[in-house]
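The listed protein sequences correspond, in order, to chains H and X. The first sequence begins at 1 in the working numbering and counts up by one. The second sequence begins at 1 in the working numbering and counts up by one.
These are computed hints drawn from the structure, not numbers from a lab. Incorrect hints may appear among the rest.
Any copy, or any two copies together, can satisfy a pair, since identical chains are not distinguished.
What the hints assert, rightly or not - Derived pair list, reagent style DSS-like, types lysine-lysine, alpha-carbon separation capped at 27 Å:
hint	residue 1	residue 2
1	K93	K107
2	K216	K305
3	K244	K216
4	K31	K305
Number of protein chains: 2
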Amino acid sequence: MRLFACILAMAAAIGPAWAQDLPSWNEGPIKDAIIDFVTAATTEGGPGWVEPEDRIATFDNDGTLWTEHPVYFQFMFVSDRIRHLAPRHPEWKLQPPFKGILEGDTKAVAASGEHGVTELMAVTHAWMTAEAFEEIVSDWISTARHPRFDRPYDSLIYQPMVELMDYLRDNGFQTWIVSGGGADFMRPWADDAYGIPPQQIIGSQIAEDYQIIEGKPQFMRKPQVFFVDDGPGKPVGIHRHIGKRPVMAFGNSDGDYQMLEYTTSGDGPSLAMIVHHTDGDREYAYDRDTHIGRLDKAMTDAPAKGWHLIDMARDWSTIYPEP
Amino acid sequence: MRLFACILAMAAAIGPAWAQDLPSWNEGPIKDAIIDFVTAATTEGGPGWVEPEDRIATFDNDGTLWTEHPVYFQFMFVSDRIRHLAPRHPEWKLQPPFKGILEGDTKAVAASGEHGVTELMAVTHAWMTAEAFEEIVSDWISTARHPRFDRPYDSLIYQPMVELMDYLRDNGFQTWIVSGGGADFMRPWADDAYGIPPQQIIGSQIAEDYQIIEGKPQFMRKPQVFFVDDGPGKPVGIHRHIGKRPVMAFGNSDGDYQMLEYTTSGDGPSLAMIVHHTDGDREYAYDRDTHIGRLDKAMTDAPAKGWHLIDMARDWSTIYPEP
Ligand SMILES: [Ca+2]
Ligand SMILES: [Ca+2]
Numbered sequence: 001m002r003l004f005a006c007i008l009a010m011a012a013a014i015g016p017a018w019a020q021d022l023p024s025w026n027e028g029p030i031k032d033a034i035i036d037f038v039t040a041a042t043t044e045g046g047p048g049w050v051e052p053e054d055r056i057a058t059f060d061n062d063g064t065l066w067t068e069h070p071v072y073f074q075f076m077f078v079s080d081r082i083r084h085l086a087p088r089h090p091e092w093k094l095q096p097p098f099k100g101i102l103e104g105d106t107k108a109v110a111a112s113g114e115h116g117v118t119e120l121m122a123v124t125h126a127w128m129t130a131e132a133f134e135e136i137v138s139d140w141i142s143t144a145r146h147p148r149f150d151r152p153y154d155s156l157i158y159q160p161m162v163e164l165m166d167y168l169r170d171n172g173f174q175t176w177i178v179s180g181g182g183a184d185f186m187r188p189w190a191d192d193a194y195g196i197p198p199q200q201i202i203g204s205q206i207a208e209d210y211q212i213i214e215g216k217p218q219f220m221r222k223p224q225v226f227f228v229d230d231g232p233g234k235p236v237g238i239h240r241h242i243g244k245r246p247v248m249a250f251g252n253s254d255g256d257y258q259m260l261e262y263t264t265s266g267d268g269p270s271l272a273m274i275v276h277h278t279d280g281d282r283e284y285a286y287d288r289d290t291h292i293g294r295l296d297k298a299m300t301d302a303p304a305k306g307w308h309l310i311d312m313a314r315d316w317s318t319i320y321p322e323p
Numbered sequence: 001m002r003l004f005a006c007i008l009a010m011a012a013a014i015g016p017a018w019a020q021d022l023p024s025w026n027e028g029p030i031k032d033a034i035i036d037f038v039t040a041a042t043t044e045g046g047p048g049w050v051e052p053e054d055r056i057a058t059f060d061n062d063g064t065l066w067t068e069h070p071v072y073f074q075f076m077f078v079s080d081r082i083r084h085l086a087p088r089h090p091e092w093k094l095q096p097p098f099k100g101i102l103e104g105d106t107k108a109v110a111a112s113g114e115h116g117v118t119e120l121m122a123v124t125h126a127w128m129t130a131e132a133f134e135e136i137v138s139d140w141i142s143t144a145r146h147p148r149f150d151r152p153y154d155s156l157i158y159q160p161m162v163e164l165m166d167y168l169r170d171n172g173f174q175t176w177i178v179s180g181g182g183a184d185f186m187r188p189w190a191d192d193a194y195g196i197p198p199q200q201i202i203g204s205q206i207a208e209d210y211q212i213i214e215g216k217p218q219f220m221r222k223p224q225v226f227f228v229d230d231g232p233g234k235p236v237g238i239h240r241h242i243g244k245r246p247v248m249a250f251g252n253s254d255g256d257y258q259m260l261e262y263t264t265s266g267d268g269p270s271l272a273m274i275v276h277h278t279d280g281d282r283e284y285a286y287d288r289d290t291h292i293g294r295l296d297k298a299m300t301d302a303p304a305k306g307w308h309l310i311d312m313a314r315d316w317s318t319i320y321p322e323p
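Isolated chain H, as found in the complex (with noise of 0.2 Å):
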């Protein structure tokens, strides 16, 4: 066992990197940075050697890994909660934000405001324990269909980034998610679908308490907010869970902008890249005018960062995996 996976290390470190590596990414001038960084940093004595344990590459996960069009993943699963537990609940009929959740009426909902989000956490995050919120998740991630492509979310990732994490573990990186979603949300499925284990995975939290139930230990999910993972939070994630400054950072938007600054302040070599949706026909195209990951500063910041640009459409030969 040890053997063969020994033999398949040696196999992977006998050439450089090779571009069927990254099959899904057309070649020009991100292929080749991607690939000009991760050959400097593993070769040893050159100017852009870094140290296999400081090999941290941190990456956003809505918009960045998979879609967040026509609305971040996580709101559709709290949508169809509701939808589900309506019947119990006759009352939401006449009560927002309930009520513009089910009648679709998402300005209603944006209307009730940071009050109406709370609620909606309350009753679609809290008041069960984890392993009932995991299983909950997993049976939502293996039946619910986006309404644009009708295929299960968790295969809306995006192929070529799949195979960038793929790439940078052949190339002794950790991989790290660092989303403003909830950690417990990406948990119960990243590792299937990126490869990306449980304990690397950073995000926005809430109160968790111990409990022993009917014997046995329990976490209790309380609807308070523990973390915020995103803008300022994500340098603070990386902070309190990896301990060290990543370098490499993949984002989308401004959400992500400290993240880059973070990872692309230290004095060694980095390389930050957003991706840059741009892709109606595939996918969707949006920047500074949407509600939904606007990139807008970070993007007017970017050369000046010397942060690149994936575009989609120009960069991608494939945007999700075969069905």
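Position chain X with the ligands relative to chain H; hints supplied.
The following block gives chain X with the ligands in isolation, referenced to the frame of chain H:
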């Protein structure tokens, strides 16, 4: 480099656990229990098999990996910092809890209660960047000396536990620290001392803000508690950072009760052990009657729970590494 590591790994894989893996452990039921568990965990197809990704072992730090008497070493750090800063704070001579520290009057410090502790933490742990704090801790650990043993604190680690963690890693286990002490207090030296990188250190944390200071991203430490990783906080910290139940846990006090309970409540194989401080000659002897590292309820319940007590005097042939 990779090939060399590979040959080493293959050499390590050739046989089962040899006695020479744990030279500082005396023969007896505890050493047998460890080797039996690990042998079974790595025997594919056997009843004790643990999937490689589930081989997670968690270790308390104070009193489990290093000495914690006469007081927690992090408290020694606080005292030393207060004394170091005192010339700039003449008012401390009259002001508790600082007065108590400066006069070596531990009772007065204790009498200042939670408010006193908060004041001490604010002065010694906060209102500085994470980078500055790391430097202060690194300086301290390389210069301060334990009052009884006249050795650096990071040399007062338990040689048998260092060997145990190496042995576990050789068998595909991840080794994690789950300590009531500060994560940022341990990270600067734990990799050298234990071979545990920063991302596998879970501990208590204070509030941090991401700020740009003189053009550089920094984490500003603030005098508010963010998370207390002790007692029921330990399984919560494990859940937040690792996202799955460990199969092995090692502690030494009632503050580890819930971590051991959580670890041993799964359906699969698990092993929990408590370091029992029985050796007043070579280290310290204490359990139910101490203010530092009190072991009472966990010792009472250990037999019923199947938790093993490591008898330091009986089970360890060596306590500390050779100076
Ligand atoms: Ca995003
Ligand atoms: Ca302890």
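Within, between, both or neither: K216, K305 at alpha-carbon 27 Å: Intra 51 Å, inter 13 Å, cutoff 27 Å: inter-copy only.
Within a copy, between copies, both or neither: where do K93 and K107 come within 27 Å Cα-Cα? For K93 and K107, only the intra-copy Cα distance (16 Å) is at most 27 Å; the inter-copy one is 62 Å.
Please work out whether the CA atoms of K244 and K216 approach to 27 Å or closer within one copy, between two copies, in both situations, or in neither? The answer is between: 15 Å across copies meets 27 Å, while 36 Å in one copy does not.
At 27 Å max between alpha carbons, let me know whether K31 reaches K305 within a copy, between copies, both or neither. For K31 and K305, the Cα distance is within 27 Å only inside one copy (19 Å; across copies 55 Å).
Checked against the numbered hints given earlier, the structure satisfies every one of them.
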